[in-house]
Each structure stands twice: as C-alpha cells, then as structure tokens.
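S.K.: Each chain, written out:
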Amino acid sequence: MASKAQEKPVGLRIALTAFLVVWLVAAAFPFFWTLWGSFKVELDFFSITNWRAALTGPRTEFTYDRPFTGAGYAGAWLQEEFWRSVINTFIVCFFVVCISLTLGTLGGYALSRSGHNYVFWLLITALIFRALPPITLVSGYLPPFFQWNIWGYLPTSIIVLVAINQPFTLWMLHSFFQKIPKELDESAKVDGCTQFQAFRHVIIPVMWPGVITTGLFSFLLAYNDFAVTAMLLSESNRTMIPAIAAFLGTTQTEGNVMFAVAAVVSATVPLFIMVMFFQRQIVSGLTAGAVKG
Amino acid sequence: MKHKTFFWFFLPTAMAMLVFIAAPIVSVVMQSLFLPHEAVLIQVENCGPFGCTQQTSIDQEATQALRDAAPMGRFAGLEIYFDRGHLATAEIAQAWRTSDSWGAFFGELNNLPFYRAMAFTLTYTFTVTPLLIALGFFIAVGVNSVARQLRGFLIFFSLLPMIVTPLVGSLILFWMIDARGILGNLIQFLANDPDLSLKASTPLMWVSLIVYGIWSSAPFAFVVFYAGLQTVPQDTLESAQIDGATRWQQIRYVLVPHLMPLITFVALIQLMDNFRVFEPIVGFSAQAHATSLSWIIFNDLGGETRQLAAAATTSVLTVLCVALLLTPVLVRTWRDFKGKA
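The listed protein sequences derive, respectively, from chains Y and W. Using the numbering used here, you'd call the opening residue of the first sequence number 1 and step up by one each time. Using the numbering used here, you'd call the opening residue of the second sequence number 1 and step up by one each time.
None of these hints come from the bench; they were simulated from the model. Treat the hints loosely; a few may be bogus.
[Stated by the list, open to error] Pairs of lysine-lysine, BS3-like flavour, derived with a Cα cap of 30 Å: (1) K2/W x K179/Y; (2) K4/W x K338/W; (3) K4/W x K189/Y; (4) K179/Y x K199/W; (5) K4/W x K182/Y; (6) K2/W x K338/W; (7) K338/W x K182/Y; (8) K179/Y x K189/Y; (9) K199/W x K182/Y; (10) K2/W x K189/Y; (11) K179/Y x K4/W.
From a predicted model like this one, the values you see are computed outputs, not experimental measurements.
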C-alpha cells in the first residue's frame, strides 16, 4: 500500500512520466512510422523536400489519386514472390518448434531427474554451445552439405536450426522440470510404471506451461535467424529474413525500395501479434533463467 | 534415474548436438589448418611456322590426383592465422618499425581487416552493454512506479524492439535516419547542415549502430530488472525511509544491491551477445565504416568465391574470444553447482 511517506513530489513525478513517454515513443514510434510509410510511394516516404510528405503523401495522391497505396505490398508479395518466403518461413518455424520441443522435453526431463555428476557437465557443454555464434559453425556445414548434395533445401536448415536451438531449449526445460515435484513420477513408479510411462502419463499432462514458453523462444530463434538460413538455403527456398536482405541488394532501382519496406512490415506483423497474445509467457521465460541463477 | 534410462532419454538431443554442433567445430578447426591445393601447371610449347610460344595451362588430371590423394588440402599449420587477413603479425611488426607515432601505428592497424573489425566489435560491446543496463534499470524503476493498469501496456511496447528480428529492426531505424528519412531530417535541422548524412561519416555511423544496440537490448535488461524489483523486501525499504534516506539513496543503497546478481547476469549475457554483432551492420549497410568478426565470416562465405579456409580461421578466432568472455559465466555456474551440492 502506498503510504503518505512514499508519495512522490510533483517534480519527480513529472520527470518520471516524461522519461517513460520518451522511452515509449522511442520503442514504438519507429514501427508505426514504417507501417504508415509503407502505404506511400518512395518519394513520399523518403522525401527530399519535406518530411511531412510521409504523413500526407502528396506524391502518392498524385500517382494513385489516393493518399494510400498498396503498390509496395503488391510488388513485394506478387512481383518478387515474397509469399513463397512467407510459406517457407512458416514451414521452417513449425518443424523447428515441434522437433526441438520433442527432443528438448525428453532431454530436459532426463537432466532434471538424474542426480549423477555427468548432468552438470552436460549442462556446461550445452552452455558453451549456446554461447557460440551460429555463423562460426556455417563454414563447417558447407563442405559436407555440398558433397552430399543436401545444400539449399528446407529440411537441412530445419535440422541445423533444431540443433543450434537444443542447448537453450535444454536449459530452459531443465529448469521448468525441476519445478515439477519429483514425488509425482516417483509415486507413479512405485505403482509399477516404467520411467517412460511415468513421463507419458504423469509429467506430460502438467508440463504444458513450460513447454509453451520454451516453444515461443524456439519459434523466435527460427523466425529471426539470418546468418544460418542466408547461407544454407538456395534462392528459391529462402525464408523471409534472407529474402528481405536480398531485396536490399537487387531493388535499389527507383520505386522498389518500397518493396523492402512492405516486406519488412509484413515480417513484423506476426511478431506483433505473438507478443500481444503471449506477453506473459515471454516475460516469464526471459526472467526464468535470471531469477534462478 | 538409472544410467540406461537416462541414456535413452538423452540420446536424441545428444545426437543432434554432436552431429550439428560438435562435429562442425572440429571440421572448422581442421579447415583452418589446411589450404586448398594449388592447381598443377604445365608448360606447353607450341611451335608453328612463326616460331615457338610458351603456353601455361592447368594439368587437370594431376590436380585431380592431388586433390584425391589429400582431400583436405595441403597442411598449412598456423600459416592462415598469421596472414594479412587475420592476425597479420608480419604487417604489425612492419608497422611498428616504420611508424614514428602511436597515431601512425594505429592508422596502419586500421588497414588490417581483422583489427579493424576488432576495434569496432570491442567498442560496440563495451559501450552498448553498460548503457543498456543503465537504460533498462531506469525503465524498470519508472514502470514499477506507475499505476498497475498501465504496466501491461508499457511492457508490451517496451518488448517490441527486442522481439523484432534484428535485421528488420535495424532496417526500420536505418530508413528513419536516412538523409531523406524523418530522423535524418531532424538531425540535419538540429545541426543546421542540410548536407549532413550519417551514411557518409564513420563516427556518426558508429554512434547510430551503438544507439541501435542499446535500443534493441535495453528491453531485456528492463524485463529482468522489473521482475527483480517485484521481490525487493518492503521492510528494508521502509527502514531506509525511516532512517531518512532520500529517494536516490534508496535506489543506490537498497535497490541496486538487491538487483546486483541480476545486473551481473545481464552484463555477462549481453557481453557475449553484443560481441557477435552482425545484423545491424548488414541492415545499416555500414561495412564501409564498421565491420565485425561475424560480418567478416559472413562476407568470406558469401559471394561467388566461398573462402572456406579464411572463414574457418576467423571462426576459430571468434570462438576463442567468446570463450574468453564466457569464462566468468562458467565460473559462476560452477560455484552455484558446488553451493547446491
């Protein structure tokens, strides 16, 4: 309860509010500005004469009779076939999340229920793997992938992303499983279950909150990856982020920068929706590792 | 849990990590020790009615035979590590002998790709990390003091810069600071120089990259500190107030010590993550002004000629640097584990 003594003086309250408003603008304004600007033509969004042109869109109105146009989106999605990259991204994300959660729950559960010394060393190894920048592994992937002719395909990238994702998944699920009391599966085993049956019938029904949180972070990793997918996927199998990077190289000609702007906005929307629905899980996931140790 | 049961539960994830993380590391180290075979050249003399000409051509068969005999290439030892593209020891010794001042020496150093990248990476890592912790801390204190109904809303928007894809986030900022974008315009107006462009100046480019780094990572520090603030013991805070501590003193002597373990945690994680700075350099098209180790690897691997050996060598050097930054984390985990046992 806020007592009289904890009430803030007016000056401090104003300063605090001002600071928070400045941060809020810094955090949110760039997204709304780009969303608004993506419906303009390039000469309005990147206006030499007057920055207000991006708000009112005089050139857009001159060209299309309306202050808004979907030309950037049409160009990116249809002309440059961005829809292919969108489908690829969702295929990659879906399989990466499913496979890494399957492997991760089994491994994380085993780590949390075994008291042997090697558990610590396995976790330390996972921590070291987690700290490696993924790009440093790529030159190790390329020669064998070329030799076996599996370079450029989605399944190859999926399995690589799953592996890169494992150390983090293991750590997170390990700490979630430790919070589930051991007595649950112990008693199931006393009743005659094998370890796997105990896992299947007792642990799986109660593990979903932790698994969903971990799944969100696996999704983010797969969705946000640029270094690995840009190097391991061929042009026709590109996911969204490498496709956007490719736009930058190829569409510097007049008008086509707006394709990249539209693609960037399209790639932000799913993340926006995800944060809206899963804000609580994301916050708890970010703090889980920190508060514990 | 029995060893055997543990083994079967852990096998799938262990396989994934062995095949796609451990094996590639070994392969990267091997690649960095070997150079590709040079093509075997043969001299052919063509004699015609107008005299003889010497022609040099590649002996395909002999080259192929050489490649088959030693598929890894020819052993180079640490040669690649010390060449001009990496540690460049010869060039440094040369610069040390010839340059008469520190300025000239560092000027020479700046022409070597590895040291140029290192200079930016270290500057970035060690300015972004403290600044994002400070910003995150003040946001956390600020959000913690507003009405409860507003907090969810504030947290939602604060999360966005961190959640959004790094490449996408840096592009969004880059388009705004473009000379024709809204922030670029604002900066030109403030500096009263209509030709000012961030893209043309190295110091300004570094500043924008650092601003992007703080913008995108402060939310992480904020969320962690905000969670920590919920557990501050109210008794301690009240006794500090009774003892007459000002607001600043309460923050300095109660909140900061309580959050200290979290501050260390965020600092260690962020040092490692900022060291691999890569996407903003691509998003800002800043390679003319700033490069990083990750960017060099990416650049060597991409393009027409994939320079695998060079990329592998830079990778090994990067991993060594990360290992150095990781040591404090490992020591901490070790202490935690010993404490629990």
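S.K.: Output the indices of the hints that this structure fails to meet, ascending.
M.R.: 4 and 9
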